[in-house]
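Q: Could you build the full structure based on these sequences and the hints that come with them?
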Amino acid sequence: MSERDNIFARIKEALMLKAHASHGHGLPLVEEHRRVMPPVGVTIEEQLTLFANNASELKATFKFVKDVAELAAELKVLSAAEQWQRAATHTGSLAHSQTMALGLATIVTNYGYDKDELELCDVGITECDALIAQTGTVLVTSHSAGGRALSCLPSHHVVIAHRSQLVADLPEAMSLVKQRYSGNYPSMISFITGPSRTGDIERIIVLGAHGPKRLTILCLQN
Amino acid sequence: MSAPATHFKEASRRMAADLRHRRIIQTAMVKYETVRDQRKLWFQDWQGARNLAARTKFEAVNHLDQYLEQFVRLIESRGTKVHWAGNAEQGREIIFNILRAKNAKVVIKSKSMTSEEIHLNDAMVAAGYEVAESDLGEFIMQLRGEEPYHLVAPSMHLTRGEIQDTFAQKLNETTTDSPEDLTMLARRVMRRKYLQADVGITGANFAIAETGMISITENEGNARLTSALPKTMVTLVGIEKVLPRYEDLALFLPMLAVMGTGQALTCYNTQYGGPRQPGEADGPEEYHVVLLDNQRTLLLADAEQRDTLGCIRCGACLNVCPVFRNVGGHSYGTVYAGPIGSVITPHLRGLKQWKHLSDASSLCGACTETCPVKIDLHHHLLQNRRNASAPTAGKPGFFQKLAFKLFAVVANHAALWSLTTKLSRLGMKLRGLVNGSFFDPTRAWTKTRELPPIAKQSFREWLKEREL
Amino acid sequence: MIITLFIPCFVDLMHPQVGISMVRIFEKLGHKIVVPEGAACCGQPAFNSGYWNEARTSAAKVLAQLQDAEAVVIPSGSCGAMVKNFYPELFANTPQVEAARKLAAKTHEFSSFLVNQLGVTDLGAKFPHRVTFHDGCHGLRELNNKRPPRQLLAMVRGLELVEMGAAETCCGFGGTFSTKFPEISTAMSEVKCASALETKAEYVVSCDSSCLMQIKGLVNKQQKPLKTIHLAEILAQS
Numbered sequence: 000m001s002e003r004d005n006i007f008a009r010i011k012e013a014l015m016l017k018a019h020a021s022h023g024h025g026l027p028l029v030e031e032h033r034r035v036m037p038p039v040g041v042t043i044e045e046q047l048t049l050f051a052n053n054a055s056e057l058k059a060t061f062k063f064v065k066d067v068a069e070l071a072a073e074l075k076v077l078s079a080a081e082q083w084q085r086a087a088t089h090t091g092s093l094a095h096s097q098t099m100a101l102g103l104a105t106i107v108t109n110y111g112y113d114k115d116e117l118e119l120c121d122v123g124i125t126e127c128d129a130l131i132a133q134t135g136t137v138l139v140t141s142h143s144a145g146g147r148a149l150s151c152l153p154s155h156h157v158v159i160a161h162r163s164q165l166v167a168d169l170p171e172a173m174s175l176v177k178q179r180y181s182g183n184y185p186s187m188i189s190f191i192t193g194p195s196r197t198g199d200i201e202r203i204i205v206l207g208a209h210g211p212k213r214l215t216i217l218c219l220q221n
Numbered sequence: 000m001s002a003p004a005t006h007f008k009e010a011s012r013r014m015a016a017d018l019r020h021r022r023i024i025q026t027a028m029v030k031y032e033t034v035r036d037q038r039k040l041w042f043q044d045w046q047g048a049r050n051l052a053a054r055t056k057f058e059a060v061n062h063l064d065q066y067l068e069q070f071v072r073l074i075e076s077r078g079t080k081v082h083w084a085g086n087a088e089q090g091r092e093i094i095f096n097i098l099r100a101k102n103a104k105v106v107i108k109s110k111s112m113t114s115e116e117i118h119l120n121d122a123m124v125a126a127g128y129e130v131a132e133s134d135l136g137e138f139i140m141q142l143r144g145e146e147p148y149h150l151v152a153p154s155m156h157l158t159r160g161e162i163q164d165t166f167a168q169k170l171n172e173t174t175t176d177s178p179e180d181l182t183m184l185a186r187r188v189m190r191r192k193y194l195q196a197d198v199g200i201t202g203a204n205f206a207i208a209e210t211g212m213i214s215i216t217e218n219e220g221n222a223r224l225t226s227a228l229p230k231t232m233v234t235l236v237g238i239e240k241v242l243p244r245y246e247d248l249a250l251f252l253p254m255l256a257v258m259g260t261g262q263a264l265t266c267y268n269t270q271y272g273g274p275r276q277p278g279e280a281d282g283p284e285e286y287h288v289v290l291l292d293n294q295r296t297l298l299l300a301d302a303e304q305r306d307t308l309g310c311i312r313c314g315a316c317l318n319v320c321p322v323f324r325n326v327g328g329h330s331y332g333t334v335y336a337g338p339i340g341s342v343i344t345p346h347l348r349g350l351k352q353w354k355h356l357s358d359a360s361s362l363c364g365a366c367t368e369t370c371p372v373k374i375d376l377h378h379h380l381l382q383n384r385r386n387a388s389a390p391t392a393g394k395p396g397f398f399q400k401l402a403f404k405l406f407a408v409v410a411n412h413a414a415l416w417s418l419t420t421k422l423s424r425l426g427m428k429l430r431g432l433v434n435g436s437f438f439d440p441t442r443a444w445t446k447t448r449e450l451p452p453i454a455k456q457s458f459r460e461w462l463k464e465r466e467l
Numbered sequence: 000m001i002i003t004l005f006i007p008c009f010v011d012l013m014h015p016q017v018g019i020s021m022v023r024i025f026e027k028l029g030h031k032i033v034v035p036e037g038a039a040c041c042g043q044p045a046f047n048s049g050y051w052n053e054a055r056t057s058a059a060k061v062l063a064q065l066q067d068a069e070a071v072v073i074p075s076g077s078c079g080a081m082v083k084n085f086y087p088e089l090f091a092n093t094p095q096v097e098a099a100r101k102l103a104a105k106t107h108e109f110s111s112f113l114v115n116q117l118g119v120t121d122l123g124a125k126f127p128h129r130v131t132f133h134d135g136c137h138g139l140r141e142l143n144n145k146r147p148p149r150q151l152l153a154m155v156r157g158l159e160l161v162e163m164g165a166a167e168t169c170c171g172f173g174g175t176f177s178t179k180f181p182e183i184s185t186a187m188s189e190v191k192c193a194s195a196l197e198t199k200a201e202y203v204v205s206c207d208s209s210c211l212m213q214i215k216g217l218v219n220k221q222q223k224p225l226k227t228i229h230l231a232e233i234l235a236q237s
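In order, the protein sequence lines correspond to chains X, E and Y.
Residues 0 to 221 in numbering that gives the first Met the number 0 are what the first sequence spells out, letter by letter.
Residues 0 to 467 in numbering that gives the first Met the number 0 are what the second sequence spells out, letter by letter.
Residues 0 to 237 in numbering that gives the first Met the number 0 are what the third sequence spells out, letter by letter.
Wrong hints could be hidden among the right ones.
[What the hints assert, rightly or not] Cut-off 30 Å, straight-line C-alpha distance, at most; resulting in silico cross-link-like pairs (DSS-like, lysine-lysine):
hint, chain 1, residue 1, chain 2, residue 2
1, Y, Lys-220, E, Lys-428
2, Y, Lys-226, E, Lys-421
3, E, Lys-421, X, Lys-58
[Stated by the list, open to error] Derived coverage of chain E by chain Y (criterion: at least 3 residues anywhere in the stretch with Cβ under 8 Å from a Cβ of chain Y; other residues may be distant):
hint, stretch
4, 10-16
5, 357-371
6, 401-415
7, 453-461
[Unchecked claim] Just the calculated beta-carbon pair ranges, DEER-fashion:
hint, chain 1, residue 1, chain 2, residue 2, range
8, E, Pro-440, Y, Leu-28, 39 to 45 Å
9, X, Gly-111, E, Asp-17, 36 to 42 Å
10, X, Ser-1, E, Thr-441, 21 to 27 Å
Source of the hints: derived by calculation from the structure; they are not laboratory data.
Backbone N, C-alpha and C define an ideal beta-carbon position, used for all residues, glycine too.
A: Structure, rendered in structure tokens:
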């Protein structure tokens with residue numbers, strides 16, 4: 000017998016003995032989750048405000064931009080302020096065109112890249128799958144955000160999102176992933192909630208432990 | 000006494016009297032309690048959430064075979080190689096085979112208690128691999144050659160000055176003692192390692208059956224990078240970590256964050272379902288998932304304590320445990336410290352050797368009260384005590400047993416109890432002669448506490464006199 | 000009503016005032032008191048040490064003595080939890096399980112009996128002192144008895160209740176734990192007492208004499224300015 004079979008045999012034998020369900024039977028419905036979980040408001044406006052408040056508490060920067068022109072201007076301001084030399088992005092059309100417009104030395108991860116060079120980039124500019132109001136989370140996948148490293152290795156992660164990408168809560172984000180990728184999931188799905196941080200030294204929060212020190216979310220209004 | 004029991008006795012005695020340690024831990028825990036309690040209020044119904052989490056884990060654990068089978072089938076369908084390890088040795092051997100096949104030299108790890116459980120690091124280092132623990136707390140512990148102090152916060156017992164000294168000694172790097180500077184130093188060191196590493200090894204917080212993915216919860220981004228940059232990725236995960244559905248994470252991720260660190264959600268909660276897929280920009284060429292039993296099926300076979308397999312390793316029971324807060328994580332001498340460790344270690348590593356951990360509790364129940372998946376922790380400690388004194392467990396505590404038997408007779412017999420009342424007074428007088436010395440039968444108490452006197456008139460004597 | 004008092008061994012020998020106070024309180028309320036002979040140990044020490052057979056020997060005698068009682072009241076959350084919560088478990092799969100369940104249903108911890116069964120919160124007591132309250136773990140977590148003692152204290156004339164930060168933290172007693180692991184037990188007690196002392200209270204009040212024995216033992220040894228008193232003793236003051 001293989002070890003797999005051994006383990007399954009032990010599990011099956013163990014489960015012959017029934018345990019007492021002290022806290023009830025059956026998997027809870029998503030509706031039951033929603034009744035206990037943090038409230039998210041009803042209207043889109045409420046949820047946008049919730050997202051903005053959460054992002055600010057998480058020390059992420061969240062900004063609305065009216066249109067693509069304003070987005071480009073905002074990126075220019077950031078680039079100048081932080082003196083970006085090198086940028087990285089992916090083939091998502093908006094992220095790609097906006098990054099190229101900055102006129103910096105640029106890596107496009109989907110075309111193949113050198114890890115050491117990506118590490119030197121001042122910024123990684125990506126798109127995303129969703130923004131989650133409940134927790135101020137940005138949902139990215141290796142499909143939507145140019146692979147695994149782009150949203151984590153450069154020291155500043157800039158997310159370009161669209162107002163219509165806002166979802167109310169975590170269950171909604173998860174069912175969105177299931178619908179969008181069903182049967183063909185990206186190999187990485189990441190719920191990003193604020194810039195990287197650690198509290199391992201005297202429980203004092205330091206941003207940028209290993210991942211990005213800054214997270215900026217630029218949200219297109221229309 | 001078993002060797003682990005002797006270690007515990009000595010270490011806990013030393014730590015309990017260490018006022019500096021007590022101050023550090025109390026301060027850290029009070030900070031934790033404040034943010035945790037704020038976050039609990041953020042939920043519409045925290046107790047309701049605990050019930051749902053307990054129910055979900057009950058379903059998962061009690062249908063472990065089905066969910067595990069589904070998880071494996073789906074994750075394999077995307078090109079993941081799944082391995083089965085019956086015990087710690089097999090787990091290490093599987094990982095060594097992968098390292099050999101890849102001709103690996105440098106290994107980067109993200110935080111994994113399961114890897115601590117099978118002593119993976121020591122084995123890899125002994126075999127000549129260069130291993131880097133990427134989580135900041137774990138990295139500090141690796142440099143100091145210490146075991147993690149706490150499931151969630153491995154270095155919570157250290158001050159910034161101690162960490163500054165460690166970095167100076169082990170890395171030959173000097174910085175100020177500010178947490179910011181120390182963290183940035185670790186960041187610089189670790190960035191080189193991510194880029195050099197041949198293999199990245201991670202743990203997993205959950206394994207989702209419905210979608211065939213593992214899920215990793217972290218704050219630093221080190222697991223993200225461990226999973227992104229090396230050509231080969233390995234995830235070591237206990238078989239009990241399955242959750243039935245993807246949406247179950249919507250409940251468990253926030254609950255884990257609230258109880259673990261007092262956050263609403265940790266910075267990165269990431270699911271991995273395979274190696275780099277066609278059309279993806281990057282990711283490992285190979286992905287291996289190692290499923291570990293290592294006595295978990297033994298716990299599963301104990302229907303009374305099966306709920307312990309629902310543990311999400313949030314560390315909340317350690318944080319509220321007055322024993323843990325006074326003896327610290329290292330006194331336990333085993334990877335899973337605190338109440339959950341005291342419950343499961345006797346199952347995982349032998350009751351005879353580890354039953355003392357179940358005795359070392361006042362049974363206050365703070366652990367059970369806080370557990371987000373409602374594991375009946377302090378009652379399980381009672382059951383372990385019962386199991387340890389069962390005839391099948393050898394010939395334990397003959398004299399203790401006799402004493403309890405005698406007391407049962409005496410205390411519940413009117414005349415004998417009345418006699419005992421008088422004898423107690425005499426006994427207390429006689430004790431005065433040996434007060435505090437080796438011959439004082441109450442010295443375990445009286446060394447630090449005064450003994451209450453036997454009343455001149457007991458309640459029952461008062462009652463008799465009154466009725467006359 | 001005829002109230003049967005279960006007076007645990009250490010209350011009988013070391014804290015008779017607690018039992019005496021209870022008798023006076025219930026008689027004042029017009030109830031008749033019965034104290035059965037030959038029932039002083041609920042079996043908890045043996046039970047908690049894992050010796051369930053020996054615990055059953057004790058418990059069986061208690062069961063026999065108390066089975067005809069109308070209501071059983073215990074001045075201890077700890078012994079109360081033993082009879083109320085653990086007897087049915089201890090006698091599971093034995094012929095006495097039904098009797099254990101019946102006894103459990105009519106057994107009450109003192110403060111919860113007053114408030115929840117008799118509906119009494121004001122006993123006309125007077126105790127002009129600043130006090131802090133210690134929640135015994137069994138009363139708090141096994142019996143869910145957080146509010147009754149506070150409701151009772153709130154009605155005591157002249158009494159000022161100042162909650163301590165660690166009100167719900169274990170005092171470190173834990174029965175045989177206190178002598179099996181005296182250093183850990185003492186450290187826990189020091190944390191507890193430090194929190195109590197911070198309130199500048201004169202007294203620590205509790206529903207459990209065993210916790211108070213631990214707290215008093217420590218503060219007396221360390222000569223700290225803190226006294227201990229059982230809730231029943233306060234309620235009997237006028």
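Q: Each of the hints needs a verdict: does it hold here or not?
A: Status of the hints after comparison with the structure:
1. Y:Lys-220 to E:Lys-428: holds, 19 Å
2. Y:Lys-226 to E:Lys-421: holds, 27 Å
3. E:Lys-421 to X:Lys-58: violated, 70 Å
4. 10-16: holds (count 4)
5. 357-371: holds (count 10)
6. 401-415: holds (count 9)
7. 453-461: Coverage by chain Y holds here, the residue count being 8 at a Cβ distance below 8 Å.
8. E:Pro-440 to Y:Leu-28: 39 to 45 Å: holds, 42 Å
9. X:Gly-111 to E:Asp-17: 36 to 42 Å: At 55 Å between Cβs, range violated.
10. X:Ser-1 to E:Thr-441: 21 to 27 Å: violated, 59 Å
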